[in-house]
Each structure stands twice: as structure tokens, then as C-alpha cells.
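Participant: Working from the sequences, and respecting the hints, build out all of it.
Chain residues, written in single-letter form:
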Amino acid sequence: MKPVAFNRTLRQLVALPILLLLILGSFLVWQIQVTATAQRELDHSDQITARLQELQNLFIDQETGLRGFQLTGDPVMLAPWKAAAGPIQSEFAELQQMLAGDPAQMANLAALNNRYNQWLGFADAVLHQDAAALNAEGMNQRGKAMMDAIRANVGTMQKHETNLREEQYRHARWLQRRELLSLLISFLIVGIVLVFFTRHHIHAISASYLRRIAEITRRSEELHESQQWFQTTLESIGDAVISCDLEGSVTFMNAVAEGLTGWKLGDARGKSLETVFRIIHEETRQAAENPVAKVRRLRKVIGLANHTVLIARDGRESVIDDSAAPIMSDTGDMVGVVLVFRDVTEERQMQSALVASEKLAVAGRLAASIAHEIHNPLDSVANLHYLLDQETDPEKRAEYLRLAQQELGRTMQISRTMLSLYREPKAPIEVLLRELVDGVLLLLDRRLQHQGVRVETEIADDLSVEGFPAELRQVLTNLIVNAMDASGTKGRIRIRVQRAEAGELRGVGALIEIADSGPGIPPETASRLFQPFFTTKGSNGTGLGLWVSMGIVQKHGGSIQIGESDDPNLPGASIRVFLPARTFAGAQPLSA
Amino acid sequence: MPTILCIDDEALGLQIRKAVLERAGYKVLTAIDGPAGLAAFRNEPVDGVVLDYYMPEMDGGAVAETMRRERPDIPIMLLSAYINLPTEVVELVDVTLLKGEGPLELLEKLRVMLRAASSPAAGRLS
Chain U
1 MKPVAFNRTL RQLVALPILL LLILGSFLVW QIQVTATAQR ELDHSDQITA
51 RLQELQNLFI DQETGLRGFQ LTGDPVMLAP WKAAAGPIQS EFAELQQMLA
101 GDPAQMANLA ALNNRYNQWL GFADAVLHQD AAALNAEGMN QRGKAMMDAI
151 RANVGTMQKH ETNLREEQYR HARWLQRREL LSLLISFLIV GIVLVFFTRH
201 HIHAISASYL RRIAEITRRS EELHESQQWF QTTLESIGDA VISCDLEGSV
251 TFMNAVAEGL TGWKLGDARG KSLETVFRII HEETRQAAEN PVAKVRRLRK
301 VIGLANHTVL IARDGRESVI DDSAAPIMSD TGDMVGVVLV FRDVTEERQM
351 QSALVASEKL AVAGRLAASI AHEIHNPLDS VANLHYLLDQ ETDPEKRAEY
401 LRLAQQELGR TMQISRTMLS LYREPKAPIE VLLRELVDGV LLLLDRRLQH
451 QGVRVETEIA DDLSVEGFPA ELRQVLTNLI VNAMDASGTK GRIRIRVQRA
501 EAGELRGVGA LIEIADSGPG IPPETASRLF QPFFTTKGSN GTGLGLWVSM
551 GIVQKHGGSI QIGESDDPNL PGASIRVFLP ARTFAGAQPL SA
Chain H
1 MPTILCIDDE ALGLQIRKAV LERAGYKVLT AIDGPAGLAA FRNEPVDGVV
51 LDYYMPEMDG GAVAETMRRE RPDIPIMLLS AYINLPTEVV ELVDVTLLKG
101 EGPLELLEKL RVMLRAASSP AAGRLS
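Residue numbers (our numbering), protein chains in the order written: chain U, 1 to 592; chain H, 1 to 126.
I should point out that these hints are in silico values taken from the structure, not numbers from a laboratory.
All the pointers check out, no bait thrown in.
Residues of chain H clear of chain U, computed beta-carbon distances all greater than 12 Å:
1. PRO2
2. THR3
3. ALA36
4. ASP47
5. ARG71
6. GLU88
7. VAL112
8. ALA117
9. SER119
Here are the simulated PhoX-like cross-link-like pairs (lysine-lysine), alpha carbons at most 25 Å apart as the crow flies:
10. H:LYS27 with U:LYS396
11. U:LYS490 with U:LYS537
12. H:LYS27 with H:LYS109
13. U:LYS271 with U:LYS300
14. U:LYS359 with U:LYS537
15. H:LYS18 with U:LYS396
So the derived list for chain U, only partly shown, Cβ under 7 Å to chain H, looks like this:
16. HIS372
17. HIS375
18. ASN376
19. LEU378
20. ASP379
21. SER380
22. ALA382
23. ASN383
24. LEU384
25. TYR386
26. LEU387
27. GLN390
28. GLN449
29. HIS450
30. GLY452
Don't be surprised by glycine CBs; every beta carbon is placed ideally from N, CA and C.
Facilitator: Structure, rendered in C-alpha cells:
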């Protein structure tokens, strides 16, 4: 049941009984009024009866007074007669008013009044006669008959009123019973209505309540299960996970995190993150920025800087790769920070091994070309030695010796050149790009000639960058050999080196563009070229060249992009290498 | 004595090799690249070829292939500073020699190659 329906039902449950009680109350008031009316009628009848009785008594007083005067002739005896005369008139007036709604009694009253007036006429005659005549037989008889008639008349009226009262009384009793009965019935009806109506609603509310309870129970179980599930997932995840509150106190860590930090969750909980998660920069050994502070500041997911080293509780160190993310509540408030990290020490070693392996492959290729360069003069020297051995003519011997000297000199020059090219300084030095490119082309000259590849160079003079010459030479060799392989026999390569002005994302530097006349690089290949072990050369390539080149260029603070050249005669790939004039590369070479 | 055609882009090495072969008694013709060598091969009486593999424009493999097509009976020795020569090129020639193996080896291999070529039943050496 929805809250709105629930409230409506509750309102109905309260309103209906009140309404029914109001109706019942009105009915009761009406009943009481009816009963009260009946009661008033009864009282009215009683009053009439009482007045009639009073009138009767007054008649008796007058009669008694008259009789006393009659017997004694003494006017004193007439005192009751005189006293009753006024009240009788007022009683008549009262009765006249009270009996207004009853025509029969009105007629009776009129008759009574008439008879009384007749009797008064008789009494008047008695009062004005002499004493002897007062006790005359006939006179007395007449007075008595008149008074009897009056009494009979009053009796009739009283009887009438009594009957009326009787009737009214029965009516009142009936009304009372009716009232009782109708009250009972009303109560019964109200009760039944309430029961029927509220039973339905109470059932609905109770069902809704039970459902709500069941739902809350189920949700709480689900919540518990989901909590368990998350707990298990976080525990079994391969990466280390640490969560903290906004103050940076550790609230949770999984088993992998326990292993890497050397802290048990029980010990770490409530401790500050800096204590549990001690990170420094791999090379500078300076403390790295607390990720919680950084996430709180930036309110977004951050990756830690490369070369982050985690120092465990026991001093053990591991190179880690990690990220930190804010934990947001439903309302969008940040409530904590979660760190996810993993040990990349082995991965780092593996990468170093790969870089070293590519370096070896490069060295191997270099050795082959050195061997070739040196074998030619060495072969000549061996031949000259044979000729010297056979020759006796001093002039020819001298000529052979001179030639042998020349060839040995050539050999030494080649080896010296190679050595000078491959001597690596400890810190980045100023590298003149024209020299760099020329040196690489010199080394590749034989191969280029062999393949008949024409190389055009457009190199800005005295343009230099800061860097490690041997590494940059490795990059250039790699890119030019790729261009040679792509352009095939009698192909064309254009090497353009120009100054690059400062852009939005980079500073001043040099842009080296190597374009070839090969078939170009399909987009699906382009995206994978810089991945390790990806090669288009089958068993002739290690798949590491571009990957290592990318590493070297990035180390120098530069970038490599693959595109197309603007020259229609060079439809193949165009590789652009940007190298900044000032590098941030550290003193250590890329590989181990 | 047999006439040997020597082809190599290294002019000095070529002259010294010529002297070695002449001292051993061969008549020696020289060419400084593939096309010049093929011209001599077609126009001069040649009994054997000593061919350098690594030459600009047209390498030893291509030269040997043309020679084989034109006159398959002439034996060819391939010289190289590389150990890993393409297999199809190695199969194409009679014998290979690594530069630096020395003049004695050169003369011995050449002698054996020419003798094998002059007696067809003996077949090729490898």
C-alpha cells in the first residue's frame, strides 16, 4: 500500500465513526425532544387536573360559605364565599387558556361556567332573601342540585382529563420504548457498519503492514547478502583495495592489501592512511602526495604517479600501480576514498627485460653490420698477407704492406666510429640532430644502397635537443629501418627535421618526420604498432622496436604519431617524432 | 689456365683478390658491380665466377640467378661477410665462402669447384 492510500484509509477509519456518532447523536436528540414533548403534554394534563381540583375546592368553599350564611344568617359566614369568588374567575381564565387545544373540554368548561353562573344566580337570590326564606326546603334542594351538576361537570372534565392523561401516558411509554428500541437498532447498525467498513480497511492496513515488514526483512537479508558478496569480491579480487573515510582513516582493506602493506585490517582500522600506506617516489625517494587529500581536492578518480613505491610495515618495498577514487553517497556527497593498487615490481622487471632484449636485438643487428664492415678489409688483409708470403719482389711487398696498413686503418676507423656512436653519457647532453641523423644513415648506408632506397633529408642546421644520443639513435634506426622495409626495393624515404614551436601541450623542440613510399599503415594495424610483440615482419621482427622507441621518446618527454605525409610521391606512412628542446629524463637510461 | 670472373663493389678488395688468384695461376677478369659483371660474363670466355653477395642495386643473388639462366654450366662461388645468406641463393650457387676465411680456403674451394665443373659426372659441390 502506498503512503497516500495508507493515509487516506487512516482518515476514513477515523472520520466514519465520528460521522456515524454525529448522526446517532442527532437522532438521539430528536428522540429526546419527542419524549420531552410527550412529557410536557403529561404535565399539562396534570396541571389541568390540578386546576380542576382547585376549582372544585373553591366551589366547595363558596358552597360552604353560602350554606353557613343560610344556616346562621350571619354575614360573617360569607367570608369563604367572597374569598373564593376571585380565584374561581382566574381559574376559569387559566383553564380557558390551557384547554385551548381540546374542543371537547372547552365545551365542558363552557358548560361548567354556565352552570356556575346559574348557581351564582341562585346564590344571589339566597343572599338577598330574608332569613326565614333561607332555609326553605325547595331552596335548598335547588341549590344542591345545581351544585351537584357542577360537581358532575367537574368530574366529567376530570375524568376526561384523566383519560387523556392515561392516553398520553401510554403514548409516552410507547415513545420511550420506541426510543430505546430505535437506539438499540441504531447502535446495532452503526456497529455493523463500522465493523464491516473498518474490517476491510484494517485488513488492508494490516496486510500492507505485514507486507512492509516482510519487505524490510527481505531487504535487510538482501543487504546482508550483498554486503557479504561485496566483502567476498573485494577479498578475492587480485588487486589490493583500501578504503578510508574522509578524514583519511582506514576503514577496510582486503587480503592483497594486507599482504602488500604488511598491516592486518584489525591493526590498520582507524589508523591514518599515511601510516598504513607509505608511498614514496621510486627515484627521488621523496614522500608521494597522500591520495586521499588529492581525491578530496579534485573530487575525481586519480591515478598515482608512475614510479610509486609502497613501503610495507616491515620495510619491504614494492613498485605499485594504483588509482584512488572518491566514494560518493546516494546524495552525491563524498563519504570516503577507495584505493586500488597492485604490485607491478615483476611487471616492471619484465618490461626492463623486454627493453634489454630489444637492446640486444639492436646490438645483434649492429654487430652483424659491424662484422660486415670489418670483414671486407680483414679479408683484404688476409689476402695481402698471403701475397706477401708468396712475393719476393721488394717493391711489390712494400705495396702489399702499404695496402694492408690502409685496410687495417679502415678497420680501426670503423670500430672507432661505432664505439664513439655507442658511448652513452650518464646525463642528457646536447644532441645535434643533423649529426644524429647522418650517423644513423652512415650506419645504414650499405643496407640502403643494397636495397636501392633513396633517402632525402631536409634538416635544419644547428638544431639540437637535450637527450641520450645512443637511445635517440636507436629510435631513428628503428624508424628508418621500418621505412626501408615498408618502401621496398628502389623506394624513397624523406627525413625532415624542423624546429617545433611551443604548442598548447608541449614546449619548444624538434619535429622529426620520416615518410616513405611504401603501402602505408592500415588503421587497424596503426593502433597496435606500439604494443610489445606486435610485428608485421613475421619472424624477422621482434615486435619490440616501436614499443621500445615509444618508451625512449616518452622518457625524453616527447611523442610519436603515425600519419600520412603531405607529399603525393610518398604515399606510405609518415612517422612524426616530437622531441622537446629540454628533457626531463632522469640520469638513468631506460633499460636496466 | 681457367679464366675467373671476379665481381665485387669493394674496388681495393677486388684488386687484392685478383692478385691472389693471378699468383695461383688463374687468368682474372674483374667487374665493380652486377651489370658490369654480367656484361663480361656474356662477352668473355669465363670458366668460373667469384661473386660478392652484398652489392648495391643488384646483389649477388640476382647476378647468380641471371648467370644460371644464361649459362648453367659455369660454376659460381658466392662470397659474403654474412653468415645468414638466403637459402634460395645458397642453393643457386656451387659453393659459398665467408669473407675472412682466408686465401688458402679461397684457392682450395675454387680448385675443387672448377674440377667438379669440368667433369659433369661429379655433380656440384655445396
